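A.B. asks: Given the structure of chain A, go ahead and fit chain B onto it with the hints provided.
Those sequence lines, one after another, are chains A and B. Counting in the numbering used here, the first sequence runs from -3 upward without gaps. Counting in the numbering used here, the second sequence runs from 32 upward without gaps.
Honestly, the hints are just simulated from the structure, not real lab data. Where hints are given, some of them may not hold.
In silico DSS-like cross-links for lysine-lysine, where the CA-CA straight-line distance does not exceed 25 Å [what the hints assert, rightly or not]:
#1 B:119 x A:114
#2 A:2 x B:119
#3 A:2 x A:114
#4 A:114 x B:163
#5 A:114 x A:148
#6 B:119 x B:160
#7 B:163 x B:119
#8 A:2 x A:148
#9 B:37 x B:160
As the structure is a prediction and not an experimental result, all values here were calculated from the model.
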Amino acid sequence: MIQDRKALIGRVLPPFSYVIDAENVHDYLRVTDEDLATYRDAGSSRAAGYDRHVIPPSFAPWIALSALLRSIDWERDFYLDYRIGTLMFGEQEMRYARPLYVGESLIFTANVLDVIEKRGSRAFDVVTIGYDAADNRGAVVLSGACGFILFK
Amino acid sequence: MDRRKKAFFEDLTPGMEIPSASYGPMDRNGYITTAIILRNGNPLHLDRVYARDRGLPDVVQQGPLNQSYLYRFLTDWLHRPWDLRSTKIRFVANVFPDDILSCCGTVLRTWRERGEALVDCSIWQENQKGEKTLVGEATFALPERK
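Same shape as in the complex, but just chain A:
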């Protein structure tokens, strides 16, 4: 019996620290074939007008999702039973305040904005989680929301 996830609306998730790891960025560039010289190293980034080794904007959604996925226990907090249920991404909204750099540490704070129950061929919930990511000076550098689809 799946519990009603609407009771989760408003829940504040534990803050999570995410360090933009150089090896992850390197692997990401390889997987996606992102070949723009700007992302190659610090020197190339500076030549393109950035302060230091910049990441591709396309990696920012990965950071947000990865941070959220690390701070959420879907089975414990959202009653997802992987034996019968499935988790998928539904929607992602992002706002970028400034470029993000390799090596910097971000603190994510997130809360459950909404839970909507829907029914197609199978019943599912759309869980929307809003988040802010702040740098080491406390400035919000990235914010947005992720919608996750939890099939029942």
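C.D. replies: The following block gives chain B in isolation, referenced to the frame of chain A:
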């Protein structure tokens, strides 16, 4: 290397198309690395039997990976990739190994705020069968000619 001609703010008007770009075929060998980076070991992306048990033809490519190509379509075309200001993207269909993804966009609005020349656009991604896989909107800044 992206060879599309870059635009300036004055070049764009509502209804204009952003030059499209295609990527692929998608490679399942990248899904393990993607799972490691995301720390998301959902078997739907890695285990063919698990996916087929759920009525799918193959493993499903991770959504963030699909999204990366739609971002890249925009940011490779911009004069500076971090001129991207915001995005809102909805996942509407699964992407599978060997799919080829075409990314497209249309200008919705050009406007200025705090001295910055901004463009709103609708963006989408479709597979080789013409089925949309991602739909959304984005806002980015563009330099002006003057």
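A.B. asks: Compare the distance between the alpha carbons of residue 2 of chain A and residue 148 of chain A with 25 Å, and conclude whether the hinted pair is satisfied.
C.D. replies: 14 Å, holds
A.B. asks: Between the alpha carbons of residue 114 of chain A and residue 163 of chain B, is the straight-line distance 25 Å or under?
C.D. replies: Holds, because 21 Å separates the two Cα atoms, which is no more than 25 Å.
A.B. asks: Holds or violated: residue 163 of chain B with residue 119 of chain B, Cα cutoff 25 Å?
C.D. replies: Status holds; Cα separation ~15 Å.
A.B. asks: Check whether the Cα positions of residue 114 of chain A and residue 148 of chain A lie no farther apart than 25 Å.
C.D. replies: 10 Å, holds
A.B. asks: Measure nothing beyond the straight line between the CA atoms of residue 119 of chain B and residue 114 of chain A; if it is 25 Å or shorter, mark the hint as holding.
C.D. replies: 21 Å, holds
A.B. asks: Straight-line Cα separation of residue 2 of chain A and residue 119 of chain B no greater than 25 Å?
C.D. replies: Holds. Residue 2 of chain A to residue 119 of chain B sits at ~24 Å (cutoff 25 Å).
A.B. asks: Given the proposed pairing of residue 2 of chain A with residue 114 of chain A, does the C-alpha separation stay at or below 25 Å?
C.D. replies: Measuring from Cα to Cα gives roughly 12 Å; hence the hint holds.
A.B. asks: Check whether the Cα positions of residue 37 of chain B and residue 160 of chain B lie no farther apart than 25 Å.
C.D. replies: 28 Å, violated
A.B. asks: Is the Cα-Cα distance between residue 119 of chain B and residue 160 of chain B 25 Å or less?
C.D. replies: 24 Å, holds
Of the numbered hints stated above, the single one contradicted by the structure is hint 9.
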